[in-house]
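Student: Each chain, letter by letter, is given below.
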Amino acid sequence: MNGVSWLEKLGGAALENWRELRQLLGFAYAVFRRLFSRASYRPLTVDILTTQIYFTAVQLLGFFIVVSILFGSLFIGMTLFVIKEIGLTEYIGQFIAGVVVLEMAPIMTTLLIALRSGSAINAEMAVMKANRELDALAAFDIDIAQYLFLPRIIAVMVSVVLLSSLFAIIVTLSGLLFSALIFGMGFNAYADIIAKAIEYKDFLILMVKSAAFGFFITFIPLYYGSRAGYQLTAVPVAVLRGMVNVFIAIVVIEVLSLVARFL
Amino acid sequence: MASKSIQYKVGLFIVTTIVLIILAGLFIAYKKDLFADLAMYRLQSESGEGLTQGMPVLFSGFEIGKVKDLELSDKGQVVITITVPRKHVRWIREESTFTLEKPLVGTPRIVVRTENPEGKELSYNKIVPIKTIDDINEVIKKAQPLVERIQSVADNIDRMTNADSELNKIIADTRKMTKMLSEKKSLLEMATGDKKGQETLMKTLEQVAAITETVDGTMKRIDGMVAKADEAVLGDKGSIAIVNNILTDIEGKFKRLDTLIDNAITMSADLQGTTQDINLVRKEVEETISSVNKLIQDVRNSLPFEQKKEIKLP
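For the record, the sequence lines run as chains A and B. Residue 263, in the numbering used here, is where the first sequence stops; the numbers in between run on with no holes. Residue 1314, in the numbering used here, is where the second sequence stops; the numbers in between run on with no holes.
Check each hint, because a few of them may be wrong.
Said to hold, decoys possible - Chain A stretches covered by chain B per the calculated footprint, using a threshold of three residues with CB under 8 angstroms from any CB of chain B:
hint, segment
1, 54-61
2, 129-135
3, 159-171
4, 188-194
Unchecked claim - Per label pair, the in silico range of CB-to-CB distance:
hint, chain 1, residue 1, chain 2, residue 2, range
5, A, Glu20, B, Lys1004, 38 to 46 angstroms
6, A, Gly11, B, Lys1169, 22 to 30 angstroms
7, A, Gly11, B, Ile1150, 49 to 57 angstroms
What the hints contain is simulated information worked out from the structure, not anything from laboratory work. Please read these numbers as outputs of a predicted model, since none were measured by experiment. Each residue gets a CB set at the ideal place from its N, CA and C atoms; glycine is no exception.
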């Protein structure tokens, strides 16, 4: 009997998760379709979008640049030192292009924005749900996906793409400093190595990956925030569930991008 | 509605970042010679194996160009078109040699060697044959005997492990033996196939055990006797100690005897000297007596006294 009830619980949990995942992906698809609809870009939407970019990227910019310089320089300096120690100097370009531009820049940016803006958006939605603001919008037949979700998602996507590129540029430039200090390499030699290692498809991968990160680190908090209960105590639960799923989404996108790169 | 200030800051952020991205892209394009004036040359290979578009063309380990295009000629040979920026054209001369290197580690590349950079520039119309150095095939060639040896080992293993092999027979026998052991059959019973033999052996073993016990007792007694003999011979008051004392005593006496003998020898020497002296004295006495006798004879002869032959006693 115990065995059967254990199996029942497992099956029930699997079905519940599957239903939830289907709902989430279905809703994500619906929002994604609206991204390409001209009707979605009304003056009010653009206004919310502008404000969201301000909160997500511009307010964070100073801190972001400092983190990029400090963390990026430290990381690149240590790695170049190790590369020199193990005699793989000829792979500096591939390392900077492959690790810094394609992997580290989007991940660092995504984590910063997810921690700062993702959690804020999640809490904002959960509070709106608890205050029945979402119900009020629905009562007036206002499409919350278009009015609330879309501008925030676009804003975060734009922010992640731009900040990731900025991070890649800053860290690549700090690599110049360390390559001069560690290898005695001049600007031209460094630029040649980097230019040869970076392919145009790397830019494309960086943009697409950053956009995908931006989409999910906003959509998931929005989704879980809007599905919170009506009590204020449901707010932290919604934020917790949203942020855990954001983390899972980041890992899944990272794994998929790695698989796509090496296929 | 967002304030003008926010709009301005957001606009400035987006424009600045996009400009930075475009500048970075343009810089990389410039470094990749995307805007450079390119010269084209044609090479020819027997096979297109290992050749790919975009493959680097190296001079002294430095990338000076790329493979732009590959096509099959009417004669069935592969024509390779390479592009080289004008700034590197001085390394592509008519006497330059081109080698397709396929290293064991790393990507294949076309390596250019030019002895005289002042020579005549290679023309696009001239198709230069390309040599191939295939490290992988070289390694495969070298590894071939090893592979054959491994194959032979694998064949042997296969032979050893097939159903009729000796190894399998041994395993089958071992299995049979293990089965018999698990049925608690003794080795003797397995060897002779006779259960009585085992009983006889057990009885013999019991007798041997009894004999061993008796021998043990005897040995213990002998041990006791040996211990006593040890004490009698080697103990503090044993024979060896007494003999030692006697020997020590004899040694002392011998030493004293040595002294006595030495004294006797000295005395004998002295006595010999004395004897010689006595002989001399005797000789002298005899000579004296002889002289006295002679003297007496002379006196007798000279004196007319008759000597009374008989003396009358009172």
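Student: Indicate, hint by hint, whether the structure satisfies it.
Tutor: Now the hints, each set against the structure:
1. 54-61: holds (count 4)
2. 129-135: Violated: only 0 residues of the segment 129-135 of chain A have a Cβ under 8 angstroms from chain B.
3. 159-171: holds (count 5)
4. 188-194: Since 3 is at least three, the answer is holds.
5. A:Glu20 <-> B:Lys1004: 38 to 46 angstroms: This hint holds: roughly 43 angstroms between Cβ atoms.
6. A:Gly11 <-> B:Lys1169: 22 to 30 angstroms: violated (53 angstroms)
7. A:Gly11 <-> B:Ile1150: 49 to 57 angstroms: holds (51 angstroms)
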